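S.K.: Residues per chain, in single letters:
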Amino acid sequence: MTAPARHPVLELRSVSKSYGPVRALRGVSLKVEAGEVVGLIGDNGAGKSTLISLVSGSAPPDRGEILVEGAEKTFESALDARDAGIETVFQALALAPTLNIVENVYLGRELLRRDPIGRSLKWLDKGAMRREVASGFQRLGLTLPAVTTKVAALSGGQRQAVAIARAVLWDSRIVLLDEPTAALGVKQTEIVLGFIQRLKQHGVAVIFVSHNMQQVLRVVDRVIVLRLGRKVFDGARANLTGPQLVGLMTGALAEEASVARAAPAVPGPSSKECGNAV
Amino acid sequence: MSIARPLQEWAQRNGLFFALVILIVFFWITSERFMTSANVAVILQQVSVDGLIAIPGAMLVLSGYVDLSVGSLAVLSAVIFGEAMQAGLGLAPSVILGLAAGTGWGAFNGYLIAYLGFSPIIVTLGGLAGARGLSQLITHGFTVFGFGPLFAELGNGTLLSVPVPVWIYAIAFIIGAHVWYQTPYGRHMAAIGGAREAARSLGIKTRVIPFWLYVASGFASAIGGLIVTSELDGASVSLGLGMELDVLTGILLGGVAFTGGRGSLFGVLFGTIFIGALSNGLIQINVSPYFQQVAVGMALVFAAGLDVLYQRLDRIRFTEEEPPAAVATAEASEQAEETA
Ligand SMILES: Nc1ncnc2c1ncn2[C@@H]1O[C@H](COP(=O)(O)OP(=O)(O)OP(=O)(O)O)[C@@H](O)[C@H]1O
Ligand SMILES: [Mg+2]
Chain A
0 MTAPARHPVL ELRSVSKSYG PVRALRGVSL KVEAGEVVGL IGDNGAGKST LISLVSGSAP
60 PDRGEILVEG AEKTFESALD ARDAGIETVF QALALAPTLN IVENVYLGRE LLRRDPIGRS
120 LKWLDKGAMR REVASGFQRL GLTLPAVTTK VAALSGGQRQ AVAIARAVLW DSRIVLLDEP
180 TAALGVKQTE IVLGFIQRLK QHGVAVIFVS HNMQQVLRVV DRVIVLRLGR KVFDGARANL
240 TGPQLVGLMT GALAEEASVA RAAPAVPGPS SKECGNAV
Chain B
0 MSIARPLQEW AQRNGLFFAL VILIVFFWIT SERFMTSANV AVILQQVSVD GLIAIPGAML
60 VLSGYVDLSV GSLAVLSAVI FGEAMQAGLG LAPSVILGLA AGTGWGAFNG YLIAYLGFSP
120 IIVTLGGLAG ARGLSQLITH GFTVFGFGPL FAELGNGTLL SVPVPVWIYA IAFIIGAHVW
180 YQTPYGRHMA AIGGAREAAR SLGIKTRVIP FWLYVASGFA SAIGGLIVTS ELDGASVSLG
240 LGMELDVLTG ILLGGVAFTG GRGSLFGVLF GTIFIGALSN GLIQINVSPY FQQVAVGMAL
300 VFAAGLDVLY QRLDRIRFTE EEPPAAVATA EASEQAEETA
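Residue numbers (numbering that gives the first Met the number 0), protein chains in the order written: chain A, 0 to 277; chain B, 0 to 339.
Worth flagging that the hints you see were computed from the coordinates, not collected in a lab.
It is possible that some hints are incorrect.
[What the hints assert, rightly or not] Keeping only pairs whose Cα atoms sit at most 25 Å apart, straight-line, the calculated PhoX-like set for lysine-lysine is: (1) A:Lys149 x A:Lys199; (2) A:Lys121 x A:Lys149; (3) A:Lys199 x A:Lys186; (4) A:Lys199 x A:Lys30; (5) B:Lys204 x A:Lys149; (6) A:Lys121 x B:Lys204; (7) B:Lys204 x A:Lys125; (8) B:Lys204 x A:Lys30; (9) A:Lys30 x A:Lys72; (10) A:Lys125 x A:Lys149; (11) A:Lys72 x A:Lys199.
Bear in mind the structure is a predicted one, so any value in this text is a computation, not a measurement.
Excised from the complex, chain B in its bound form (with noise of 0.2 Å):
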């Protein structure tokens, strides 16, 4: 019991960097494009993706709810920017409809699970058939290609030597982690998580706060879509597929527990870049892709194991739960009896 707590913090803080550390010397070792700068870069890309739209990811599930229709929503302002270029709009209305179609749908998910109390597992499912769905609808599963060179600077250009996707995300890091531990949402978020009732009987707004994360949530999708849109000069509908699992599985490596409440959204910013080393080093030691899919899905569950441990560890440590009430009943009506 008392050695379970350092141990727990201690594991919590460190064991995913010591793992990221040994996950990113193995791949250095065993192959030789890894460490290269341009693959470098590549990671980088990826991670700066997933990371961003893990940001109020994160702040979801810390506050007890998910968003497992990302990539949908990144698909979809994918093409709905992809058809308004090639209808002739222009980039800059091109860009305002794409990130316009992923935040309307991040707030129609909001307004669902926040304000009418539906599941944010179901609706957000729902999100993710329904906004593939209807991208493929949209574009027949046809590609829409060439945008042009200055669209091309958002996934592929670098300002004082550094990607601009990696300027995107560190600043919305910045920004998150200003949000998570220096302002009063972050507190917020985790009374909202971990305990909802007390929450509301403080006054915290604990509508409005999940709310305003789901449409935070579509907007970092579409920013994300549109990113790797630029990347590939192509508005794809198989990009992001499977987004949301890697987002998933990052945020709860980082140790934001599945059940709200509890994470750091450091911890998050290495599950992150954990995930992405993973997968991309996989294709560097030429591991057939069925297996890597394998590895995220282990990942998630590994994960998910860590957070039960985690669980465990808490509650070892904290048994005695007394039912005051009923203690106070029975002297009330034992008094009531002797008046009788």
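The following block holds chain A by itself, in its conformation from the complex (with noise of 0.2 Å):
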């Protein structure tokens, strides 16, 4: 409905975030544009789920800007940037085990009832949060158990179906993904490549953090690579092949041209240099 925008839909402006003396990211710099998939890569500890972590508003950043459609944000809490149109699949999923699935689902925006009374007495309206779940998931073609079993109740990745269906069911702009397929089957990895396309069709902005080469070449339009907290590679998935993003990863493939900034001085190549999060 608004005017095609100028502006990419995420914007990260030499961002950087520190844990203690970890510099997790180091002026991190990039964009994401409407309707564009970015798998983002990187060994364990790059820093992939810090800036997840940035954009989704769980954590302010040390330094750097964060635009959503070219105004800066400071997000105070991650409803913040869940208003602002951002919705995350984090690692550890953020599910509350003893809900059930509905309540998951609408965890921290709940339906409230239209009435004034139901208003005023912040009422929920749980028939048509269960509703909307249900039609929700069949709309996304998931199965899963009756949609008030709590998640306990839930395996590993009925779970992850679960986290993403919650990011998936709003009409979000920009959709962060970390790791959604890492529990997945087959027949469910599928399911979620599946959304990915999907959301991209809708002309959501959608960043995709996966250890699965595969999967990445599959979905993404373009790929970044951090290292150690820095961005080494930001180019097209076009031409790219699964050794050299694991080259590019691990620093055993010296930066190409394509390569954003400047390589950092890093030793060591191949070996698992900041394998510190594991």
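If you follow the hints, you should be able to join the two separate chains into one complex; please do so.
M.R.: Spelled out as structure tokens, the structure:
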């Protein structure tokens, strides 16, 4: 409905974040356009989840700016980011096991009854939430147990499906997926990759974090590689191969011409020098 | 596995109710006085005070916190009210001062625990000792008597032949049940108690909610202290002794998990009635007062055992916890080796 934006949907300008002595992100800049799927890859501890947590509002950057459709944002909490149209599937899933599927999908943004009494007493509209989730799952082609099943009773893959559905069911502009397929079987993985393609068709900007190069190469338009908190590669997927990506991640492959910034002095290729997150 | 779940849910839902019925029938048979209207009124008054305090108390436990200072905040509120009355401040200002004492201490608890991250058990254990000690310092151990007929109505009056404390409890319970079952806050509490990091990363107010629950707990304790003071027409430093145990036992018997995340306010209602009926019934059948304490202690340990049992049953059912990151990492490093 709005005029086509001149700005990228999401832009980071030299964003940095440290956890004590660990410099998890060092001056990372990137842009994501509407309808673009960006694969964010890197070795363990490279800073992928840190980047996701900054964009999702769960932690503030130390330095640098986050812009959504050209407007600079400072997120006080994850709810601010969700209100700005950013949905996240966290690596740790962020589900409450003692709550049921519907309660988890709407956690933090529950639907209230519309009538004046309902609104002033903050009265939940449980029926509407149940119906929305049930029909949403059907639309997404997800087969899960009854929507009132407690999340504690779900398998790892089913939990992941709930976490993804929670992000996808909203009309969001940006969806961040931190290793969404890590615990999934073949069929569920296909469904998730299908989601990503569908989000793209709907003009949603997607950042997809994964360690599975086949999956990355299948669904993304562009690949960004992080190593030790720095962006070491940012380029179109075309002509990239799995071994090349792994080489970039580990530093075994020197940065090519398309690398956005000067190469950092990193000793010791292909070894796990940044494995402190494991 | 397949029957464990329904069995567990059935027990959680109905076990306490049947235990309560058996308890009441037992005392009814063994004591002539137990079911007299005078004695039922006594039970209801105790249940009203403990139950009132157990409402924010149960919400705290649901959120993964606990308040052990409730009995001491009740006595502190009572003696500050008593001293203010004795100093001639008048009824309304004295009531306000009394309520402010408990509520203020509750806010102090909440600030230390929710915002500064202090341990809930240690901070409120400090309150348990500190607020009672302060009450003794203020009163030098003397009881203040005689607050007039209007104040006596709070603990002893009736409205439509229902005691005023029961009215207060009923209204508080309706509000509490609405918050627990019908507003987003009930879920948020369960999320904070069951998965605090997840709740935080979804933007749930993981500090604000527990803070206000401690304030509410202090406020409810203060009201409870004033109700008991009104019943006795005296603000005694021995008021509210052991109250935190009765309240917590009622909460845990009611099925609220001590680790947070799970529980029902209706269960807490039955748990509180159970404790009230148990301690009263034991008096009626002339059991030594020491044994009453043993009984409450045993009920608490029993409730803890139930809690463990429920958790075990939960875990039997849900053992498949795979480590996704490790699998993905193995894949990545395999590929890395290929390229090297
Ligand atoms: N909350 C935190 N507190 C302290 N250190 C942290 C925190 N989060 C991340 N780090 C550190 O920041 C670095 C980057 O971690 P991050 O989780 O972003 O890596 P990642 O690329 O997502 O790795 P993985 O593939 O293992 O998920 C690591 O060294 C990690 O130890
Ligand atoms: Mg990560």
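S.K.: Does each hint hold? Answer for all of them.
M.R.: Evaluation of the provided hints:
1. A:Lys149 x A:Lys199: Measuring from Cα to Cα gives roughly 31 Å; hence the hint is violated.
2. A:Lys121 x A:Lys149: The given pair, whose Cα atoms are some 23 Å apart, holds under the 25 Å limit.
3. A:Lys199 x A:Lys186: 20 Å, holds
4. A:Lys199 x A:Lys30: Satisfied, since the Cα-Cα distance of roughly 16 Å is no more than 25 Å.
5. B:Lys204 x A:Lys149: 22 Å, holds
6. A:Lys121 x B:Lys204: 16 Å, holds
7. B:Lys204 x A:Lys125: Distance of about 21 Å is within 25 Å: holds.
8. B:Lys204 x A:Lys30: 31 Å, violated
9. A:Lys30 x A:Lys72: 15 Å, holds
10. A:Lys125 x A:Lys149: This hinted pair holds, its Cα atoms lying about 15 Å apart.
11. A:Lys72 x A:Lys199: 23 Å, holds
Of the numbered hints listed earlier, those contradicted by the structure are 1, 8.
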